[in-house]
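*Asks:* Sequence:
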Amino acid sequence: MKVDESEAYMYDPAVFYGHHEYDLAISSMFPGFRQQFYDAYHALIPKAPGFEDRQRVYQLFHYLNHWNHFGGGYKSSSLSIMRNLASMLKKRLIEALVLPLFNYCDVVYSPNLKVELQQYLQRAQNACVSYICNLQTF
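First residue of the sequence shown: 338, per our numbering; consecutive thereafter.
A hint or two may mislead.
Label-pair restraints from in silico Cβ distances [as the list claims (entries may be wrong)]:
id, residue 1, residue 2, range
1, N421, Y457, 21 to 27 Å
2, P350, R420, 32 to 38 Å
3, M425, V352, 28 to 34 Å
4, V352, L458, 39 to 45 Å
The calculated DSS-like cross-link candidates involving lysine-lysine, where the alpha carbons are at most 30 Å apart (straight line), are [unchecked claim]:
id, residue 1, residue 2
5, K427, K412
6, K412, K384
7, K428, K384
8, K428, K412
9, K384, K427
What the hints contain is simulated information worked out from the structure, not anything from laboratory work.
For every residue, glycine included, the Cβ atom is placed at its ideal position computed from N, Cα and C.
Sequences are here, hints too, so could you generate the full structure?
*Replies:* Structure below.
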């Protein structure tokens with residue numbers, strides 16, 4: 338490529354075509370961006386509902402990538418985000434699916450069914466967290 342020295346050129350070796358919030362996730366993982374940057378950004382592109390939850394998912398990718406490339410220093414952050422996401426998903430599943438069942442059980446069935454559902458949900462959560470925490474790196 339012939340470069341004209343009177344113009345500035347920029348080359349991005351990691352071009353990414355995806356959701357605009359993805360880039361913000363890594364910017365909040367490391368110091369360097371001031372609050373004014375984020376205020377100006379969100380003045381142009383307001384936060385959509387669920388922004389904070391998506392940031393955690395996007396950060397998880399970056400933490401796992403750093404763990405893979407740079408070693409165990411990123412392990413605890415990766416596992417912490419996975420646990421937080423699992424807890425958030427558990428809460429949302431309970432609110433959306435289980436609580437209505439509990440209310441139905443109180444009316445139609447015995448209270449013992451409610452306890453059995455709680456125990457089943459706890460076992461399912463433990464299995465998911467165990468699976469995530471035991472994933473092998475390649």
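*Asks:* If a hint holds in the structure, say so; if it does not, say that too.
*Replies:* Hint by hint, here is what the structure shows:
Checked against the hint of 21 to 27 Å, the C-beta distance between N421 and Y457 comes to roughly 23 Å, which is consistent with it. P350 and R420 have their C-beta atoms about 33 Å apart, which keeps the hinted 32 to 38 Å range intact. For M425 and V352, the Cβ-Cβ distance of about 31 Å falls inside the hinted range of 28 to 34 Å, so the restraint holds. Take V352 and L458: their Cβ atoms lie about 42 Å apart, and the range 39 to 45 Å holds.
With a CA separation close to 22 Å, the supplied pair K427 and K412 stays within the 30 Å bound. With a C-alpha separation of about 29 Å, the suggested pairing of K412 with K384 holds against the 30 Å cut-off. Distance hint between K428 and K384 is fulfilled; the C-alpha atoms sit about 23 Å from each other, no more than 30 Å. The straight-line distance between the Cα atoms of K428 and K412 is roughly 24 Å, inside the 30 Å bound, and the hint therefore holds.
For the given pair, K384 sits about 24 Å from K427 by alpha-carbon distance, which is consistent with the 30 Å threshold.
In summary, the structure agrees with every hint in the numbered list given earlier.
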